[in-house]
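Visitor: Since the structure of chain A is provided, determine the placement of chain B on it from the hints.
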Amino acid sequence: MNSLILSVGARFLTGLFLLFSLFVLLRGHNSPGGGFIGGLIGAAGFVLYSFAAGVEDARRALRVDPRAIGVWGMAIAVLSGLASALAGLDPFTGLWLILADLALSTVLVFDIGVYLAVFGAILTLVFALEETV
Amino acid sequence: MLDGASDGAGRMLGYAASILAALILVSMALMVPAVVDGRPVLFALDWAPSLGISLAFMVDGLSLIFGLLISGIGSLIFLYATGYMGDHPQFGRFVLFLFAFMVSMLGLVLARDLITLFLFWELTSITSYLLIGFDHDNPRARRNALQAMLVTAGGGLALLAGFILIGTAAGGYDLAQILAGPGLQDSNLYGAILVLVLLGAFTKSAQFPFHFWLPNAMAAPTPVSAYLHSATMVKAGVYLLARLHPALGGTIAWSMALTTAGAVTAVLASVLAMRQGDLKQALAYTTLMALGTITMLLAGAHPYALTAAVTFLIIHSLYKASLFMVVGAVDHGTGTRDVGQLGGLGRAMPLTALAAVLACASMAGLPPMIGWIGKELIYAGAETMTAAPFVAAAAVAANALMFAVAGIIALRPFFGAPVATPHPPHEAPWQMLAGPVILALGGLVVGVLAQPLLGSVVGSALTGSLLQDRAAGLHLWAGFNRAFVLSLLTFTLGVMLYLMRDRFAALVDPVLRRLPSLDDGWDRLLDGLRVLAAWQTRVLQTGRLTAYLMAVFAVVALALGLTIIRTRPEIAMELPRSAFLWLTAIFTAAGAVLALNTHSRIAAIAGIGTVGIGVAVIFIYAGAPDVATTQLMVETLSAVMFAIAALRLPGITERRSPRRQMAHGVVALTTGLCVTAIILSVTASPLDRSITSYFEENSYALAHGLNIVNVVLVDFRAFDTFGELIVVLLASFGAYAVLKRKRRAGP
Chain A
-3 MNSLILSVGA RFLTGLFLLF SLFVLLRGHN SPGGGFIGGL IGAAGFVLYS FAAGVEDARR
57 ALRVDPRAIG VWGMAIAVLS GLASALAGLD PFTGLWLILA DLALSTVLVF DIGVYLAVFG
117 AILTLVFALE ETV
Chain B
16 MLDGASDGAG RMLGYAASIL AALILVSMAL MVPAVVDGRP VLFALDWAPS LGISLAFMVD
76 GLSLIFGLLI SGIGSLIFLY ATGYMGDHPQ FGRFVLFLFA FMVSMLGLVL ARDLITLFLF
136 WELTSITSYL LIGFDHDNPR ARRNALQAML VTAGGGLALL AGFILIGTAA GGYDLAQILA
196 GPGLQDSNLY GAILVLVLLG AFTKSAQFPF HFWLPNAMAA PTPVSAYLHS ATMVKAGVYL
256 LARLHPALGG TIAWSMALTT AGAVTAVLAS VLAMRQGDLK QALAYTTLMA LGTITMLLAG
316 AHPYALTAAV TFLIIHSLYK ASLFMVVGAV DHGTGTRDVG QLGGLGRAMP LTALAAVLAC
376 ASMAGLPPMI GWIGKELIYA GAETMTAAPF VAAAAVAANA LMFAVAGIIA LRPFFGAPVA
436 TPHPPHEAPW QMLAGPVILA LGGLVVGVLA QPLLGSVVGS ALTGSLLQDR AAGLHLWAGF
496 NRAFVLSLLT FTLGVMLYLM RDRFAALVDP VLRRLPSLDD GWDRLLDGLR VLAAWQTRVL
556 QTGRLTAYLM AVFAVVALAL GLTIIRTRPE IAMELPRSAF LWLTAIFTAA GAVLALNTHS
616 RIAAIAGIGT VGIGVAVIFI YAGAPDVATT QLMVETLSAV MFAIAALRLP GITERRSPRR
676 QMAHGVVALT TGLCVTAIIL SVTASPLDRS ITSYFEENSY ALAHGLNIVN VVLVDFRAFD
736 TFGELIVVLL ASFGAYAVLK RKRRAGP
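Which chain is which? The protein sequence lines are A and B, in order. Under our numbering, the first residue of the first sequence is numbered -3, with each subsequent residue one higher. Under our numbering, the first residue of the second sequence is numbered 16, with each subsequent residue one higher.
These aren't lab readings, by the way, just hints derived from the structure by calculation. Some clues are possibly wrong.
As the list claims (entries may be wrong) - Here are some of the chain B residues that sit facing chain A, going by a computed Cβ distance under 10 Å:
1) L83
2) R553
3) T644
4) A660
5) V724
6) A733
7) L740
8) V743
9) A746
Cβ coordinates follow ideal geometry from the N, Cα and C atoms, glycine included.
Only chain B is shown next, with the shape it has when bound in the complex:
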């Protein structure tokens, strides 16, 4: 049904999803006034009250910004995807996955309960796996999708542990309470919480050394890359860092970890971005740079640094989604996205070129785009941080490189002499133009009108969510200060890098080639895991019943033996006077000796049966006819089953080496001695008869039965009996299935 897209139903689905996302955008926008007034919207539903977990949501400044970006860009992406791949036979499935992703992402940023947040966090990992691997005929796409999921979901597990520790330290999972509380920086769990939460955030936001999965995720169809790997999923980690900033931030460990990871990621990624021929790969690396920069800024604790982080996050979402869609349009219009094969497209694709130039101007940080304000704020914020010179240097280097990359992406494909492309360039359909043009123009509009449009929302994120006393203003002209000087320096360096990009390449390429590849390291890690799994399966799952029994009984003997040695229970032994019992005991022991010493399986079965019957006789003597009858029947039937199987097995003799016999003997004797000791110690202490007398008193009064054993089985403990019935049936059906399958597979 969902795959029947060829008749236009898929396209309708794409439009419907787009409209739905737009409606979400409108409803989120309606909450803006309340949130700006400092009244976050709360909503909660009990989920697992006994664990203190609820399905709770909260719209405050920070989550509102994310919600607006996710639903707004989502709406444009659905439109774009309809133009880009509406004819794909599985477009319906694609829309479903993408919509599921959008909902998970909204849930993640709106969650007010840590466990709810985690649930949506993992849902984004799973849906992104489906989206990256959407081209499932391609082994590379499958491999990269799996890599992305394993890295982010692995981090997710660490995150869950971190959340549980936060819940322990803060006394609950309610984010609103945790954030309003005194913070966790002084908790003695702080170190563990920080490591675990950072593992989760860094894997999700692809921070060094977990950055390798993001460029590989470009195996996804372009609308997915534009959505997940620019505006949304990779921002989840950054969102989490911002969200928990009041509770975890402000310490030296926090600031060092975030500064280092962010700065390394930003600089390394922007160098790599310069060196990509594939436009989409280049954008993937610039995304890493942006994530690194935001992480680095979140290390700070000053309103300037945090305003810069929040603002840059918005800026980046706008221009990066637009640029990804531009690259998709170029790919669609020419058949290639290799920058070396493109040139002079401006005439054939004027609107795409317009979007590219505007978005790249924002990325390069040119006034009057919003990107300019962002860059000024980054420099102003960097000055307030602990490692100011280091942060400022890293930011200037990354921004200058970004300027050069923006130049490459905006200028080389669209201007200069036309180059012959795989097919003659043509403009994209309107669905594919709406997104990039609107977002790029948006970058210009909010740049000119920054303070009136964004000021109040960013302000409420800062004061309401990050608990700062104020936010920095968003102004195109903030005066002639150090940030302005650094901006000019960035432009100079950027222009130089753009003009001398060939020499730059000659300089860095030999170094880059020598860097160890984490991506290959990942493959080796997985190979190692496979070898380990195969090895431990070979060692533990030998398929030999004797080995399993040995393991089971050795563990039993060890556990019981150690307990007995440690507790030294009192043992009472009173030898029976009855000759009948002595005879039975001899008879039983003789059965065991026979089973041990015979070379015929039938004789061994008879020996074991003798032991069982001896036990039954003892039960009768002790006044338990029910148990004795059951024992007899079970013994008879198991002897029958053993016999059926044993008739087909080879003799016992050939497998008995003395060493193995010795080991078996030791384990068997120890187990037997331990069990005997425990039984003797149980009889040494007086029996607690309270349960027995309860059943004696109530068996007839409540259950109209004189046979207590049966009354307990079918009435007082009927549900337990029912469980046992399920076990018995399942065991026998399982054996049936195994037996019948073998028969069919045989000759």
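Next up, chain A with everything else stripped away, as it sits in the complex:
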């Protein structure tokens, strides 16, 4: 697409989308947000970039094949779910580590897996569509 405004704006907007998506991912546990929405927002950022600069550039900017990102997300989700099995609990039971005010958990790891899986799946589809059709 030959639009100067879009191609200049997209470079900033994509970064903003990504930052915002991480923010949404991390705040998700206590405020509106979460891995699913985060993944969608992040993917939207790269879709915008692919419109402005073309799929090839978008793929290069992403560095990793989106299919691999999706599969890694899935793997992270599985591992976080199985971690509780090591502690002798049922799979997908959340494990918590409370450090002062900071609550860390396998649940957050799971949410990151969700983020990556959604992000990878959407981009796989959109890039393939753009390249083919």
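Guide: Just chain B now, with coordinates in the frame of chain A:
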């Protein structure tokens, strides 16, 4: 690895299998004393306890007889196969298939649980498919293998249904309990059970009208025919009938079905056997005759008839396996098995001739072979049955024909003037002689020593498995009675048939030619199925997305509409006061109207996007920011994807006929109205807040999270979310694969 037979490894495999089978035989033989004492050997392992299914086995009289036959003949067959085709490049594979078959067959007869039995039943169908089609370069072999499998596995499905009904009626799948119970003859499921079980047994044992697959199965290598189609697989159906006899037998329906099918099969098959030029085909038809006779005898409920059935089963296995191996040896030694091209082989192949003569003497029922005792028992048993004159007549006719066929097989190839054969006849190697000679001599030995050798085992099958109070004795001389007279009549008729076989042929051939061929009927059935499948695929899988959507939404509308009409739920409708909501609603509806009326795809996508955003706005208004954000993102991304695809599609105008538009409108409106009605009726009833309050209370306490939606997604219901992730990824990878494949296939 398995196919590397050329270096002799295959032969070693054949010998190893033979030894293994012999060891099974020995271990089964060691159980004889316990079983004869009335102590069946039981073994069970829980398999699916929640369904009451266990991997359970039982060795009693009946299964012991089968087990001994399967492992004993199996051992000889492996030896024979090593001599017959040990040089075959795929002999290793062959041994594997045959051994898998043997194990399945042993599992089938030893199973104590009906579901276990069914599992092995189907395994025998599958392994026999592999064996019949072993010569896989030959389309005829492949076709016949498929036919055998479809017929027997189709019957197997009926059998499974029958077993489940038995399990329902008897309260469990344990055969020992079912047989010890009161029987199922009075159950109101009895009719269905009987039909289904008989379908399974008749297809497996090739009873009329399912007999056509068995002669075709002769496409298999001869060792397979000798094993599967004489001694074992085809006997599975008969085994099942005998096994379930105490639970299902004794009724008029049982006796009529078995008598009719058995008698028709026996007589028809023995007439056809007379008319075969190919020795192997002739044997295949005599096998049908034997199966028919056993089925017919199992119709009875008297110890004589059942003793006859069990004894004849043993007799037939001995002589028929031997004869098949003889025919293979003749084929191997001369290059043909056409009876018209054979003669005077006795001098060149003395041991083969000896086995042939002994086995045929047993088949013809001549004393002192065990076959003689069997024939006497059949006649004695026939007298005890309900349709005694009919059964006796059928048995005499079939046995007389069998006598003539035995004469043809024993005399014509081996005696008389030598005939020039494709290559000069030579005796088979020792591996191929051991089986037929041992089995044929066995027929003589157990004939002379019938009662001491077989009496106790047959007796335990009768009293222990078939639950009779006694068994008939096995004697060479049972006195001058009606059975003896019938035997003499059989011999007279048999000799006449043998001497006048040409005139007999002239008599029956015109009739046989006019009979409808079930084999051709089978082909037509398959062709019909193919046409039907192609037709329904064309109708249902049009490849047009609109057609699929129409079907989906029409079904949804119908299901919802009918439910609403039937239940007439209470509907509460309260119009909102907020002007903001009214504006949003108008905005959303306008998007829908735009999407419906535009001729540009981009405008239609924008219209649908408007609807989605309107819905998101309503979510925000209702206090669900999470859902609203997700809705917005999904809406944006799907608009993007639609747009990418739509840019390449033709315009919308050309495909809109008024009639189609009308149909689409009706379906769309009905679906919309139904969904609206359901939502209104849901809001009419008070909300059950127990789940919500559970999450409200526990979200922070258990999961340290204030955002309930997210806590539910990633913690309380993490496994569901994980499942959804798999769906999302698979869908996108699937689309990726389709898109990329099309691209490669394109210009």
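Visitor: When the nearest CB of chain A is found for A660 of chain B, is that gap smaller than 10 Å?
Guide: OK, holds: A660 of chain B within 10 Å of chain A, min 6 Å.
Visitor: Hold the hint about V724 of chain B up to the distance rule: shortest CB distance to chain A must be less than 10 Å.
Guide: holds, 7 Å
Visitor: Using Cβ atoms only, decide whether L83 of chain B comes closer than 10 Å to chain A, and label the hint accordingly.
Guide: violated, 50 Å
Visitor: Grab the minimum C-beta distance from T644 of chain B to chain A and call the hint holds if it beats 10 Å, violated otherwise.
Guide: Interface hint status for T644 of chain B: holds (5 Å vs cutoff 10 Å).
Visitor: Less than 10 Å between beta-carbons is the criterion; does V743 of chain B satisfy it with respect to chain A?
Guide: Result: holds, 5 Å to nearest chain A Cβ.
Visitor: Holds or violated: the hint that A746 of chain B contacts chain A, with Cβ atoms closer than 10 Å.
Guide: Holds. Min distance 7 Å.
Visitor: Identify whether the interface hint at R553 of chain B stands, where standing means a beta carbon of chain A within less than 10 Å of its own.
Guide: Violated, about 27 Å.
Visitor: Hint L740 of chain B vs chain A: min CB-CB distance below 10 Å?
Guide: holds, 5 Å
Visitor: Let's test the interface hint: is any C-beta of chain A closer than 10 Å to that of A733 of chain B?
Guide: holds, 4 Å
Checked against the numbered hints given earlier, this structure breaks hints 1 and 2; the rest are met.
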